[in-house]
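Each chain, written out:
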Amino acid sequence: MANRIFDASYLISHWRTFPKTSKRTLENMRLWSEKLIEQYGSRRIVTPVYIEMVAGVTSSAELKLAQAYLASFEIVDEGKIPKEDWDKAKYMAQRVAANGGKRQLGDCLVRAIANRLNCEVLTADRRFPGP
Amino acid sequence: MKTINFYRQMRVDGGKRTGIEIDGETVLGRFERTTKPEDAALLWFVDIRCSGGNLPNEAEAAREWLLNKSLLIQDGMRDLANKLRAGIDFSAPIEQPIPNAEKGTHIKIFCSAARRPEALAIAKALDEISSHWKEFLNKLEVLEPVVR
Chain A
1 MANRIFDASY LISHWRTFPK TSKRTLENMR LWSEKLIEQY GSRRIVTPVY IEMVAGVTSS
61 AELKLAQAYL ASFEIVDEGK IPKEDWDKAK YMAQRVAANG GKRQLGDCLV RAIANRLNCE
121 VLTADRRFPG P
Chain B
1001 MKTINFYRQM RVDGGKRTGI EIDGETVLGR FERTTKPEDA ALLWFVDIRC SGGNLPNEAE
1061 AAREWLLNKS LLIQDGMRDL ANKLRAGIDF SAPIEQPIPN AEKGTHIKIF CSAARRPEAL
1121 AIAKALDEIS SHWKEFLNKL EVLEPVVR
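Same order as they appear, the protein sequences are chains A and B.
The opening residue of the first sequence carries number 1 in the numbering used here; numbering runs sequentially from there.
The opening residue of the second sequence carries number 1001 in the numbering used here; numbering runs sequentially from there.
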């Protein structure tokens, strides 16, 4: 869908803005992610984004909610990350921005996969330097 | 219900991707590269999303269908660009229906920017797409499915 991939920063930001007036049920979390998908015209994520999302939960109940939220998304790399993506991620990680900002493994890998799949990355993180 | 989506989006490195999707799969596309260091982060996107029972199934027919709706879609984009310049709320992606599509068909413009200051950039983008609508459609190339 429209060659757009959500990175973890986008999903985490959206997850946190779930309305306080609504109850966090499995169905409501699924509907919440469907709303994001409708707005941004994409249901694409990549494996590192899925892992980063579930790695952020702090209880088994929250894990189930996160899984319900993530179930609406399509993992476009299908869990297969070839060496070329790792090499590109390594190259990006070695590029130091003018402001000296640090790079994260997830960010580098997401962008490497996105480049290979001819996709753009929906990201809330503006600090990351280009490859 | 079938869907056709025309999209144009701009990256941080200045690259622009344009395409047409049928039922969520890009069938026609074009990428305009720049000489800046590659950065796939998205700055903004504009979608023209169409849905209905009588939309075409095939790439060239979808292009033709969108060309036939040119005036309607171009007017819708110009109208939205004017609203953006007037300062409508841009805290979430904007969704604006285009009225007077044929019976049983719905056309909506969706657009969003990574940061609020890009609102005016989107207005410019809408003007650009509106002005070059037929040219953008005609330049799209048939795409093979992406091998993952």
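Note that these hints are calculated values from the structure, not bench results.
By construction, the Cβ of each residue, glycine as well, lies at the ideal position given by its N, Cα and C atoms.
Among the clues, some could well be false.
Straight-line distance between alpha carbons at most 20 angstroms, and here's what the computed SDA-like set of lysine to any residue pairs gives [to be verified]:
| no. | chain 1 | residue 1 | chain 2 | residue 2 |
| --- | --- | --- | --- | --- |
| 1 | B | LYS1108 | A | LYS83 |
| 2 | A | LYS102 | B | GLU1038 |
| 3 | A | LYS88 | B | LYS1002 |
| 4 | A | LYS90 | A | ASP125 |
| 5 | B | LYS1016 | B | ASN1138 |
| 6 | B | LYS1002 | B | GLU1038 |
| 7 | A | LYS88 | B | PRO1037 |
| 8 | A | LYS83 | A | GLN94 |
Rough simulated footprint, nothing fancy, chain B against chain A, three-plus residues with beta-carbon under 8 angstroms [unchecked claim]:
| no. | region |
| --- | --- |
| 9 | 29-42 |
| 10 | 114-120 |
Label pairs and their in silico Cβ distance ranges [stated by the list, open to error]:
| no. | chain 1 | residue 1 | chain 2 | residue 2 | range |
| --- | --- | --- | --- | --- | --- |
| 11 | B | GLY1024 | A | ASP87 | 28 to 34 angstroms |
| 12 | B | SER1070 | A | SER22 | 39 to 45 angstroms |
| 13 | B | LYS1134 | A | LYS102 | 22 to 28 angstroms |
| 14 | A | ILE12 | B | ARG1078 | 32 to 38 angstroms |
| 15 | A | LYS102 | B | SER1091 | 41 to 47 angstroms |
| 16 | A | LYS64 | B | SER1070 | 25 to 31 angstroms |
| 17 | B | LYS1139 | A | ALA124 | 40 to 46 angstroms |
| 18 | B | PRO1037 | A | VAL57 | 32 to 38 angstroms |
| 19 | A | LYS23 | B | PRO1097 | 40 to 46 angstroms |
| 20 | A | LYS23 | B | VAL1142 | 46 to 52 angstroms |
Hint by hint, which ones does this structure get wrong, listed from lowest number up? Going through the list in order, the structure violates hints 1, 3, 6, 13, 15, 16, 17, 19 and respects the others.
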